[in-house]
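Engineer: Taken in sequence, the protein lines are chains H and R.
Count the first sequence with my numbering and you get residues 1 to 178, in order.
Count the second sequence with my numbering and you get residues 179 to 316, in order.
Don't read these hints as lab results, they were simulated from the structure.
It is possible that some hints are incorrect.
Pairs of lysine to aspartate or glutamate residues, derived as DMTMM-like cross-links and limited to a Cα-Cα distance of at most 25 Å, are as follows [claimed, not checked]:
| no. | chain 1 | residue 1 | chain 2 | residue 2 |
| --- | --- | --- | --- | --- |
| 1 | R | 245 | H | 56 |
| 2 | H | 139 | H | 41 |
| 3 | H | 122 | H | 61 |
| 4 | R | 280 | H | 41 |
| 5 | R | 239 | H | 137 |
Residues of chain H clear of chain R, computed beta-carbon distances all greater than 12 Å [unchecked claim]:
| no. | residue |
| --- | --- |
| 6 | 50 |
| 7 | 64 |
| 8 | 112 |
Using N, Cα and C, we set each Cβ at its ideal position, and we do this for glycine too.
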Amino acid sequence: MKITKNKRGDKILSVYWFAIIIIVAGGIFGMVYVFYSTPYDTRQVEARLLINNLADCVSYDGQINSDLFSGGTLNPSENYLSKCHLTLNSGDLEAWKNNEQYYMEVKFYKISDLSNPISTLKDGNNNWLPGCSVQAEKKISNLAQCVERSFYSLDALGNQYLIKILGVVAKSEKNVKM
Amino acid sequence: MKKRAVRDKNGVILIDNIVFIVLDLIFLAILVLFLYKQGSGAVMMEQAYAKNAVLLIDAGKPGMLMKLNMADAIAIAAGNGISKENIIKINGNVVTVKLSDKSSYSYSFFNNVDASAYPDVQAEDTKDNYIIKINKYN
Numbered sequence: 001m002k003i004t005k006n007k008r009g010d011k012i013l014s015v016y017w018f019a020i021i022i023i024v025a026g027g028i029f030g031m032v033y034v035f036y037s038t039p040y041d042t043r044q045v046e047a048r049l050l051i052n053n054l055a056d057c058v059s060y061d062g063q064i065n066s067d068l069f070s071g072g073t074l075n076p077s078e079n080y081l082s083k084c085h086l087t088l089n090s091g092d093l094e095a096w097k098n099n100e101q102y103y104m105e106v107k108f109y110k111i112s113d114l115s116n117p118i119s120t121l122k123d124g125n126n127n128w129l130p131g132c133s134v135q136a137e138k139k140i141s142n143l144a145q146c147v148e149r150s151f152y153s154l155d156a157l158g159n160q161y162l163i164k165i166l167g168v169v170a171k172s173e174k175n176v177k178m
Numbered sequence: 179m180k181k182r183a184v185r186d187k188n189g190v191i192l193i194d195n196i197v198f199i200v201l202d203l204i205f206l207a208i209l210v211l212f213l214y215k216q217g218s219g220a221v222m223m224e225q226a227y228a229k230n231a232v233l234l235i236d237a238g239k240p241g242m243l244m245k246l247n248m249a250d251a252i253a254i255a256a257g258n259g260i261s262k263e264n265i266i267k268i269n270g271n272v273v274t275v276k277l278s279d280k281s282s283y284s285y286s287f288f289n290n291v292d293a294s295a296y297p298d299v300q301a302e303d304t305k306d307n308y309i310i311k312i313n314k315y316n
């Protein structure tokens with residue numbers, strides 16, 4: 001009688017034991033699957049590289065590109081950024097073909113007034129811009145990633161300018177688990 | 179008769195334990211295999227190398243020659259019957275990495291350059307490298 005009771009206890013214990021193993025294994029499988037199915041998010045790096053390219057385009061060797069001046073004043077043409085050797089069409093996803101995944105903005109400030117830009121250049125899809133203000137306090141990976149950098153540069157006469165460049169990269173479908 | 183019963187009981191306990199241990203080992207082996215497969219799978223690696231190549235091209239200027247060590251990707255591609263020359267393809271501004279017949283990964287770059295990619299075959303110690311060349315601005 002005693003032996004029979006012990007056997008039943010063993011059986012119940014083994015069922016629980018299996019249940020625990022299955023739960024633990026399921027948890028590990030789930031975590032690993034979620035971890036590895038999340039794509040690498042390279043948008044911040046891309047935005048920085050975009051800014052570097054734009055910085056080289058508007059200023060080189062510490063001096064603002066002379067093409068941005070007309071009659072001695074900073075007065076760039078609106079489509080100046082189209083000369084910066086950038087292609088904003090992303091053909092790797094069908095949905096991106098008619099929907100540019102980048103936005104960029106270059107603002108020039110005189111050193112005497114750092115709150116009002118004297119000139120602003122823009123290119124790309126400005127629909128991504130509202131996402132930047134939303135993320136000012138907290139990053140939301142599903143939205144486009146925004147990076148802003150600034151640096152000082154000189155004109156031919158030695159006048160100082162502050163240049164602020166904003167780079168925005170969307171490409172959420174390939175960088176975030178949707 | 180009494181002795182036999184005791185022997186039977188011991189036998190049952192031993193078989194139970196062996197079954198549990200074997201099942202444990204099978205579980206563990208499947209888990210380790212799953213982790214290994216996930217970490218070194220073609221799908222993950224295709225994405226990693228495509229994005230790597232794109233970032234290199236975005237950072238490049240015409241005339242630059244960049245070397246990317248792809249030893250693990252080349253090994254996976256060889257195992258899947260993909261030749262070394264067909265791993266990275268650049269079409270327009272899209273880089274495509276293919277390490278198996280069933281999958282490939284494409285990612286686009288914004289630098290408006292004419293870029294090409296080919297395996298480095300110059301020396302034995304660089305045979306695992308891929309060369310990404312930025313030819314000129316488009």
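Engineer: Now, for every hint given, state plainly whether the structure supports it.
Structural biologist: Now for the hints, and whether the structure bears them out:
no.	hint	result
1	R:245 <-> H:56	holds (24 Å)
2	H:139 <-> H:41	holds (13 Å)
3	H:122 <-> H:61	holds (23 Å)
4	R:280 <-> H:41	holds (24 Å)
5	R:239 <-> H:137	violated (35 Å)
6	50	violated (6 Å)
7	64	holds (20 Å)
8	112	holds (34 Å)
The structure does not agree with the numbered hints 5 and 6 stated previously, though it agrees with the rest.
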